[in-house]
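full-length UniProt numbering applies: residue 1 is where the sequence shown begins, and numbers increase by one.
Rather than coming from a laboratory, the hints here were simulated on the basis of the structure.
Treat each hint with caution, since some may be false.
Unchecked claim - Each computed DSBU-like pair below joins lysine-lysine, with the alpha-carbon atoms no more than 35 angstroms apart:
1. 92 / 192
2. 247 / 192
3. 22 / 91
4. 66 / 91
5. 243 / 192
6. 66 / 22
7. 192 / 245
8. 91 / 245
9. 163 / 245
10. 163 / 192
11. 237 / 247
12. 92 / 66
13. 237 / 163
14. 163 / 91
15. 245 / 92
16. 92 / 22
17. 192 / 66
18. 192 / 237
19. 163 / 247
20. 163 / 92
21. 243 / 163
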Amino acid sequence: VIVDATNVQRGRGESLESFNSKLTHLQLQGRRLGPDLRRLDLVQQVYVLYAYDNLISSLAGIEHAKRLQMLYLQNNRLTSMAGLEGLTHLKKLHLGHNRLVRIEHLDHCANLEELYVPHQRPPASEVPLEFCPTSMAAIAGRLRVLDAAGNRLEDCWNLSPLKRLVSFDLCDNAFQQVADLRELLMGPFLTKVSLTGNPFESQNRKATYRTAVVLGSQSIEEIDGRPVLAQERDFVKRLDEQKRKLKAQRSRLANRGYAEGGAGAAAPVSKDKVYEPGDRKGPGRIFAPPVIQDLVQW
1 VIVDATNVQR GRGESLESFN SKLTHLQLQG RRLGPDLRRL DLVQQVYVLY
51 AYDNLISSLA GIEHAKRLQM LYLQNNRLTS MAGLEGLTHL KKLHLGHNRL
101 VRIEHLDHCA NLEELYVPHQ RPPASEVPLE FCPTSMAAIA GRLRVLDAAG
151 NRLEDCWNLS PLKRLVSFDL CDNAFQQVAD LRELLMGPFL TKVSLTGNPF
201 ESQNRKATYR TAVVLGSQSI EEIDGRPVLA QERDFVKRLD EQKRKLKAQR
251 SRLANRGYAE GGAGAAAPVS KDKVYEPGDR KGPGRIFAPP VIQDLVQW
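Could you build all of it, start to finish, from the sequences and the hints given here?
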């Protein structure tokens, strides 16, 4: 199987041991391999392993491939990540469509740059996927990409150490409001997010949550595949500023009415007209260009 899993040609009379020592890439995908990876003891120099679309239920044997940098194990039957502890050179890890309930055993994977764990389906379990705080802290220094779509996530507090993310995909989860993602959105390097399929997208609130993401991130450049234009960011910020001023004004008027009329007095109603987008007659108006009028619900 190993000989067939590489493009390297074995020399005439070359020993199998010598041949195996030259292998750096193994293509073992779609071969119905399982239940583990024990035969990796024969190819300890490999640093890219494609073993997706198999029947692998255990990572036993992965510890032999200590030089692994890229590991593709999506669409298998894994229920545990035990065995990854010794892969200190690992940079890309693909574990989507397995049966994991907890992302862990990454304590020594400080070089990890990309982590893909979407759509875990553990048997008879609908609980949210868990993230080990110790593992997240260990990989926080270099992790740039996170894909955890479709995992029933309701909050991301265990992901808060990941301050250096450039992009994340948290589509099809159970986040009720954008505020649940505040810690991740505040990352100074974040440029791209995917969030469709969460509850906060329903009830015609898509434009509202996009606005909230723009306000929550200073560096965001793309949301759900749509670029964030400079004019959009400027419009959203000015809109937010106007709303804050209006809220403060109403609060002052309410306090003044309370002070003048006593506890039983009704607060005066502001006579300020609320101008609709595009109304050019109102003082202090904010006009939304047509290209972004669909981004904010008034």
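For residue 192 and residue 237, compute the direct alpha-carbon distance and say whether it is at most 35 angstroms.
holds (19 angstroms)
Holds or violated: are the alpha carbons of residue 163 and residue 92 at most 35 angstroms from each other?
Satisfied, since the Cα-Cα distance of roughly 18 angstroms is no more than 35 angstroms.
Would you mind confirming whether the straight-line C-alpha gap from residue 243 to residue 192 stays at or under 35 angstroms?
holds (27 angstroms)
Residue 66 and residue 22 were given as a pair; does the straight-line alpha-carbon distance stay at or below 35 angstroms?
holds (15 angstroms)
Below or equal to 35 angstroms on CA atoms is what counts here, so check residue 163 against residue 91.
With a Cα-Cα distance of about 17 angstroms, the restraint between residue 163 and residue 91 holds, given a limit of 35 angstroms.
Given the proposed pairing of residue 66 with residue 91, does the C-alpha separation stay at or below 35 angstroms?
Holds, at roughly 12 angstroms.
Residue 92 and residue 22: Cα distance at most 35 angstroms?
Given that 35 angstroms is the threshold and the Cα spacing comes to 22 angstroms, the pair holds.
Keeping to a limit of 35 angstroms between CA atoms, is the pair of residue 192 and residue 245 held or broken?
holds (30 angstroms)
Restraint status (C-alpha distance of residue 92 to residue 192 at most 35 angstroms):
holds (18 angstroms)
Residue 91 and residue 245 were given as a pair; does the straight-line alpha-carbon distance stay at or below 35 angstroms?
With Cα atoms ~47 angstroms apart, residue 91 and residue 245 exceed 35 angstroms; violated.
Against the 35 angstroms threshold, does the CA-CA distance of residue 237 and residue 163 hold or violate the hint?
Holds, at roughly 23 angstroms.
Residue 245 paired with residue 92 [C-alpha distance capped at 35 angstroms]:
violated (47 angstroms)
Checked against the numbered hints given earlier, the structure breaks hints 8 and 15 and satisfies all the rest.
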